[in-house]
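Chains as they are written, first to last, in my numbering: chain A, 1 to 87; chain B, 1 to 146.
Everything labelled a hint here was simulated from the structure, so no lab data went into it.
Be careful, since some hints might not be right.
[As the list claims (entries may be wrong)] Incomplete in silico selection of chain A near chain B, CB under 7 Å:
no. : residue
1   : Gly-15
2   : His-43
3   : Ile-51
4   : Asp-65
5   : Glu-70
6   : Phe-72
Using N, Cα and C, we set each Cβ at its ideal position, and we do this for glycine too.
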Amino acid sequence: MLVLTRKSGEKITIGDDIVVTILDISGTQVKVGIEAPRGISVHRSEIYEKIQEQNRLAADVDAADFVTAEKFWIPSIQHNGRKESTD
Amino acid sequence: MKIETTRFGIIEILEEKIITMPHGILGFRDKKRFCIIQHKEDSPFYWYQCLDDPALAFVITNPWLFKPDYRVDPTPAIDAMGWEGEPDKLPLECYVIVTIPRGLPEKMTANLIGPIVLNTEKREAVQIVLLNDAYSHKYPLAKQAA
Chain A
1 MLVLTRKSGE KITIGDDIVV TILDISGTQV KVGIEAPRGI SVHRSEIYEK
51 IQEQNRLAAD VDAADFVTAE KFWIPSIQHN GRKESTD
Chain B
1 MKIETTRFGI IEILEEKIIT MPHGILGFRD KKRFCIIQHK EDSPFYWYQC
51 LDDPALAFVI TNPWLFKPDY RVDPTPAIDA MGWEGEPDKL PLECYVIVTI
101 PRGLPEKMTA NLIGPIVLNT EKREAVQIVL LNDAYSHKYP LAKQAA
């Protein structure tokens, strides 16, 4: 891993078109600005990890559980359909 | 064409039904070809079977079946995939992945922050990450789980 030391207001350029700016440092928090081309998705890593983990869990479906899950679903559709009277 | 699946055995699908995911699915980056299997007419669930891995299949559903006010901004999908044309006129569909925990089907949830956006004309799809903090990656689907 490349490690760089930067001060507030300084930037890091990645490739031709990604610029990371250290906007503010206060206590244990660093505010970072990221400029990247459209199509490059930038998110907090936790959210990616959460979705990755959820995808892994979702890939492990038991056939019998699936059949039961379908049965659980039906009341919830009716529930949504009758929203005004049930809420 | 015939494809091999662990769950359904060898199944026959039309080549034009193959969905390509150039970025894969989060956590499964190298799985790039899928197809949607409707196993039953009246089921809310579809199987999202991977063609690159016979053992990999997700349960997906239409989010508006259970959450009519769900909103997805397709811009990140359009940008990531380079789909051209007016965003409003693109033939897009959206699915969310369902998690059915082993032995606890009543605790099934849908991932509302990582929907799959499918361009039905190009047969390309991408899993995007929504910025809406109001949505959960474990939205309960069964009334009993609420």
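Going down the list of hints, with the structure as the test:
{"no.": "1", "hint": "Gly-15", "result": "17 Å, violated"}
{"no.": "2", "hint": "His-43", "result": "5 Å, holds"}
{"no.": "3", "hint": "Ile-51", "result": "4 Å, holds"}
{"no.": "4", "hint": "Asp-65", "result": "4 Å, holds"}
{"no.": "5", "hint": "Glu-70", "result": "6 Å, holds"}
{"no.": "6", "hint": "Phe-72", "result": "4 Å, holds"}
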